[in-house]
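Build out the structure end to end from the sequences listed, making use of the hints.
Number of protein chains: 2
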Amino acid sequence: MKLPAFAHITEVGPRDGLQNEARFMPTEAKVRLIEQLAASGLGEIEVTSFTHPSWIPNLADAEEVVKATRHLPVSAFALIPNKRGMERAQRAGIAGMTFVFSATDSHNKRNLNRSTEESLAEILDLHAAAGAHGLRRRISLSTVFGCPFDGEVPDERILAIVTRLVDGGCERIGLCDTIGVANPAQVDRLSRQLIAHFPDVVFELHLHNTRGCALANTLAGLQAGIVHFDTAVGGLGGCPYAPGATGNVATEDVVSMLDAMGIRTGVDQAALMASNRHLAQWRGTPLDSAIWRIEQRCSLPETTS
Amino acid sequence: MKLPAFAHITEVGPRDGLQNEARFMPTEAKVRLIEQLAASGLGEIEVTSFTHPSWIPNLADAEEVVKATRHLPVSAFALIPNKRGMERAQRAGIAGMTFVFSATDSHNKRNLNRSTEESLAEILDLHAAAGAHGLRRRISLSTVFGCPFDGEVPDERILAIVTRLVDGGCERIGLCDTIGVANPAQVDRLSRQLIAHFPDVVFELHLHNTRGCALANTLAGLQAGIVHFDTAVGGLGGCPYAPGATGNVATEDVVSMLDAMGIRTGVDQAALMASNRHLAQWRGTPLDSAIWRIEQRCSLPETTS
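Taken in order, these protein sequences are the chains called A and B. Take the first sequence: its letter number 186 is residue 186 in the numbering used here, and every next letter is one higher. Take the second sequence: its letter number 138 is residue 1138 in the numbering used here, and every next letter is one higher.
Just so you know, not all the hints are guaranteed correct.
Sample of chain B residues with no beta-carbon within 12 Å of chain A, all distances over it, derived [claimed, not checked]:
1) T1027
2) A1132
3) D1155
4) P1199
5) G1212
So the derived list for chain A, only partly shown, Cβ under 8 Å to chain B, looks like this [what the hints assert, rightly or not]:
6) L3
7) P4
8) A5
9) F6
10) V166
11) R211
12) A260
13) M261
14) G262
15) G266
The set of hints was computed from the structure by calculation and includes no laboratory data. Every residue, glycine too, gets a C-beta built ideally from N, C-alpha and C.
Take a look at the structure:
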């Protein structure tokens, strides 16, 4: 089994996770969570989203979160859906921007109120502007593996969109299984095609665990040559505009599997449990991760972190 | 990605699942469950265990279950831990026997009250006797990928035990991840070794989902050439002698992933949901499967089966 020695994890829990929680997590608690995630060895964290607060009230404190976590030794990203969001993010001083849009029109219209084509053109402009300001940049392409409204998405459509992105200068592109319908054969097929066409692009997998396949899809991605993965502590997440979708694949589950396979991530599992406990305590409901359930069942002693 | 066109599923929920439930499922409800499982297209079902009722009271009605389901057009198996169990099973008229023991002494002693070596010798005798009676036979080798007491299990130990089994005439051998600690690289490595050494033996994977890796391990097995899998409806299961273990990988989750990948199983997903509903209704607590959670969230209409 051909596997890499190292895999990069981008923690997206504070953004893709907290945006879907039933309650607003107080800014201080968010900052504490991000501090704990950083302390566990996660080197890249998507800390918030500069979506309009009326759309995602849970992340209305984006500016405060960015400012309060800027001192941490991590590569911080924020989600940017449009020009207005980018201006806010720049004023707040974020160092990295994740530009998001959907591969399918129906999802993009519900999410961003415009067609995929319209978003693509706007995103390429913003991406170029961010580059001119020396910011780190990545693209998150939603509904790559299936859309709750349009159903299956042809590989050709993804290839065409990615071609436009690469022609427009994008070097890091996330393939998002927004509603968790991807299967390993599909991940293998699409990843290999994209890597073959664009060997210099960093492709990232952003997987949700709706059908329980996220770790199998992670394995398929690793075998196909993908070494960048988005994950969310505690399996937080979902998608407000995607009926039936559940959380992101849990950071602790991915780290546990990769550790067991001898693939380094730089993340300390025991330290990661501090974030889990903080989150579970705030939320008061169980986290959606296998490792958290083991932790709870076995009543392991608290770590010192 | 090299994948088979067809995978065989042995449903073990009525045995490996129900034995660990908090309550005794009434015999009639068990029979109904097995009927529904058969109706969904599952061609092979482990319907009960002939363990001493004082050890597993939940399956004390083994004889009745075997008799009441004998008319179904499925290949029925029962778990056989020892000579006494085999005698009961023969009197009840079971057509297939799963002989179980553990690869590690500590687990085998707690489970069967003797060493691995002692069980191995006894099992080979029983296996031969069952063959002389024209019964279908398979071996379930527990703690292949790790033991709750002895920890890691060297590949060499598994190879040595399997060699003894094959020399003794065993042609179907289950590799059981009893406590759900297997990882895909390990499944790949061990499966390929065993298949290379014993190309004529049917190796089966019996996976638990403790760390969320069961579908990833299924994928690794498929790629290595394994095409037989034990699964349990609703993700039932666990192991009474293995602290921290959770359920078997859910039949519906495996079928869903394989269907999506174009691997046929002969099982109808919608029909399988009837078993899920029957089980959930009896149990009154949520089932541990991703597909069941989707079913619940989306409130799909009842199927007619």
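Okay, the hints, checked on the actual structure:
| no. | hint | verdict |
| --- | --- | --- |
| 1 | T1027 | holds (30 Å) |
| 2 | A1132 | holds (41 Å) |
| 3 | D1155 | holds (14 Å) |
| 4 | P1199 | holds (20 Å) |
| 5 | G1212 | violated (3 Å) |
| 6 | L3 | holds (7 Å) |
| 7 | P4 | violated (12 Å) |
| 8 | A5 | violated (12 Å) |
| 9 | F6 | violated (15 Å) |
| 10 | V166 | violated (25 Å) |
| 11 | R211 | holds (5 Å) |
| 12 | A260 | holds (4 Å) |
| 13 | M261 | holds (4 Å) |
| 14 | G262 | holds (7 Å) |
| 15 | G266 | violated (18 Å) |
Checked against the numbered hints given earlier, the structure breaks hints 5, 7, 8, 9, 10, 15 and satisfies all the rest.
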